[in-house]
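S.K.: Please take these sequences and the hints and turn them into a complete structure.
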Amino acid sequence: MFDSLYELISNYTYQTVALGSLLLGLISGVIGSFTYLQRQGLLGDGISHSTLPGIAIVFMLWQSKNNALLLIGAAIAGLLAMMFVLNIVKYTRVKFDASLALVLSVFFGLGMVCMTYVQNMPNASQAGLTSFILGQAATMLRSDLYFMLICALIVLSLAMLYWKEFQLFIFDRDFAQSSGYSTSLINGILACMIVMGIIVGLQTVGAILMCAMLISPAAAARQWTDKFPSMVILSALFASISGLIGTSISSLVTQMPTGPSIVIIINSLVIVSMLIAPRRGLIAKVCQRRQNRINFNKKSLENVLGN
Amino acid sequence: MDASIYSAVEVEDLTVAYNSKPVLWDVDLKIPKGELMAIVGPNGAGKSTLIKVLLGLIKPVSGRYSFPDYQNCSLKELKRHIGYVPQSSSVDWDFPATVFDVVLMGTYGKLGWIKRPGKREYELTRSVIEQVGMSQFMDRQISQLSGGQQQRAFLARALAQEADIYFMDEPFAGVDAMTEKAIVVLLKGLKAQGKTVIAVHHDLQTVAEYFDWVTLLNLKIIASGPVDETFTDTNITQAYRGGLLNSKF
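Just so you know, the sequences run in chain order G and C.
Note that my numbering has the first sequence beginning at 81, numbered continuously upward.
Note that my numbering has the second sequence beginning at 3, numbered continuously upward.
No wet-lab data here; the hints were simulated from the structure.
Hints should not be assumed to be uniformly reliable.
[To be verified] Covered stretches of chain C (chain G as the covering partner; in silico rule of three or more C-beta atoms under 8 Å from a C-beta of chain G):
id: 1; stretch: 54-61
id: 2; stretch: 77-89
id: 3; stretch: 93-103
[Stated by the list, open to error] Taking lysine-lysine and the PhoX-like style, the derived pairs with C-alpha atoms no more than 25 Å apart in a straight line are:
id: 4; chain 1: C; residue 1: LYS23; chain 2: G; residue 2: LYS175
id: 5; chain 1: G; residue 1: LYS170; chain 2: C; residue 2: LYS61
id: 6; chain 1: C; residue 1: LYS54; chain 2: G; residue 2: LYS170
id: 7; chain 1: C; residue 1: LYS54; chain 2: C; residue 2: LYS78
id: 8; chain 1: C; residue 1: LYS54; chain 2: G; residue 2: LYS307
id: 9; chain 1: C; residue 1: LYS117; chain 2: G; residue 2: LYS244
Glycine included, every Cβ here is placed at the ideal spot set by N, Cα and C.
M.R.: In structure tokens, the structure reads:
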């Protein structure tokens with residue numbers, strides 16, 4: 081496909097997709113850290129699956145493939161799904177995991193039904209709608225890029241502006257509330273950020289794999305640091321780099337899909353981090369245990385000899 | 003109850019229920035200002051629920067509560083005068099933060115939205131960490147704290163709130179004898195500054211030693227008043243005979 085790196089970098093489509101994946105990584109890395117620490121990593125998965133009926137229904141109503149319109153439909157469906165999940169937990173005896181599975185499967189099922197119906201509609205403009213399921217980064221346009229850039233700016237500004245509130249809320253919700261903060265407002269802002277991150281990712285990695293973009297960078301970053309700010313920055317960095325590398329690989333290798341490539345790269349980073357990260361990593365832990373045994377043995381030997 | 007005693011908190015006809023099961027039934031209570039008050043009762047008596055209602059975390063089914071000193075304040079203003087020490091088991095201690103980070107959160111309430119902590123907040127945080135004897139652990143990861151250290155970190159965070167009324171949910175849970183003594187000294191120090199402390203307490207042996215006032219609670223208020231008058235064998239027996247009381251519904 082491309083003979084040299086230079087040729088790759090100067091390719092217009094590659095530039096667009098690579099920049100898009102980088103922006104997606106930035107957004108999902110930051111938001112993912114928040115949901116990861118709230119132990120709500122799977123919420124992102126549920127919401128991203130639930131965006132599908134929104135896309136299909138918007139298309140059915142307006143027969144339009146305008147990306148902005150479709151993504152608004154996705155966002156509405158995603159927010160609706162999140163409200164269902166959280167309220168089912170609040171008002172019934174169904175627990176979070178079950179509630180999530182219920183809402184996810186109902187929405188995704190509805191989405192697939194609508195998609196199939198759309199596929200069988202007489203006019204041909206529906207082609208490509210299913211690309212939101214698994215993502216199709218190559219169809220990304222410059223205008224999509226501007227949309228992603230705006231989303232990234234909004235997410236990053238919100239994260240910086242409400243840094244203190246997010247930290248307080250994630251660590252101790254009751255304390256935040258008792259300190260006079262409206263936890264439903266903070267939760268609402270966070271929810272909007274999550275949905276925004278997901279609709280940005282729909283085109284690149286698709287509804288099914290989007291949860292990896294939220295969970296994996298945060299999980300990898302957590303291995304390396306014990307500080308909240310560095311975790312968020314590292315997570316964004318990991319996700320952006322994976323976006324870049326994944327895009328490059330899929331451009332260099334024929335018939336390689338972009339979204340799954342990105343996901344495989346970011347998860348390789350998770351595995352490497354779990355193995356070699358200092359202190360939290362497996363190897364570090366094994367070494368520490370061995371070192372402890374040697375030290376303790378030495379000490380007890382000294383005690384015996386000393387006496 | 004003595005009419006001359008000035009209340010920090012007044013509760014009237016308060017009823018709270020989870021689903022259809024009442025947890026607090028028709029509670030009337032006056033919490034005296036500037037005293038250390040223990041809330042005592044068996045498991046499931048509604049002790050934590052009571053302080054969570056007063057903190058605004060749980061909505062009651064019916065009834066009222068008020069803070070006479072802050073009657074004309076907005077809710078936001080009122081919360082600046084209230085401190086909270088939750089049960090230490092209520093949070094995830096694997097959160098990436100140091101003791102300093104957690105204690106600093108105590109200053110957030112007075113700061114309000116968006117504003118960042120500055121020099122004043124950092125100094126306050128350092129000084130309250132010193133007050134609870136945790137200075138050498140200031141930069142330690144909270145995941146590496148012992149139970150007693152966690153409790154002290156939470157106390158320091160509450161001190162950083164610079165509140166007038168403190169609600170504490172089992173401040174002595176899971177701490178060793180030495181930490182317990184240190185916490186008692188802190189509580190007496192708060193009283194000396196004219197602050198009101200309401201603490202859920204489990205150890206009946208130490209109620210008289212640590213607290214001035216006691217409320218015996220089991221779904222209803224069994225008794226409430228100064229420890230020497232109220233903390234009698236009759237009242238204690240009545241409070242801990244939970245099954246009988248509940249069956250009256």
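S.K.: Now, for every hint given, state plainly whether the structure supports it.
M.R.: Structure-based check of all given hints:
1. 54-61: holds (count 4)
2. 77-89: Contact hint for the stretch 77-89 of chain C vs chain G: holds, 7 residues under 8 Å.
3. 93-103: n = 7 at 8 Å, threshold three: holds.
4. C:LYS23 x G:LYS175: holds, 20 Å
5. G:LYS170 x C:LYS61: Status holds; Cα separation ~14 Å.
6. C:LYS54 x G:LYS170: Judged against 25 Å, a Cα distance of about 17 Å means the pair holds.
7. C:LYS54 x C:LYS78: holds, 17 Å
8. C:LYS54 x G:LYS307: violated, 30 Å
9. C:LYS117 x G:LYS244: holds, 8 Å
In terms of the numbered hints stated before, the structure departs from hint 8 and from no other.
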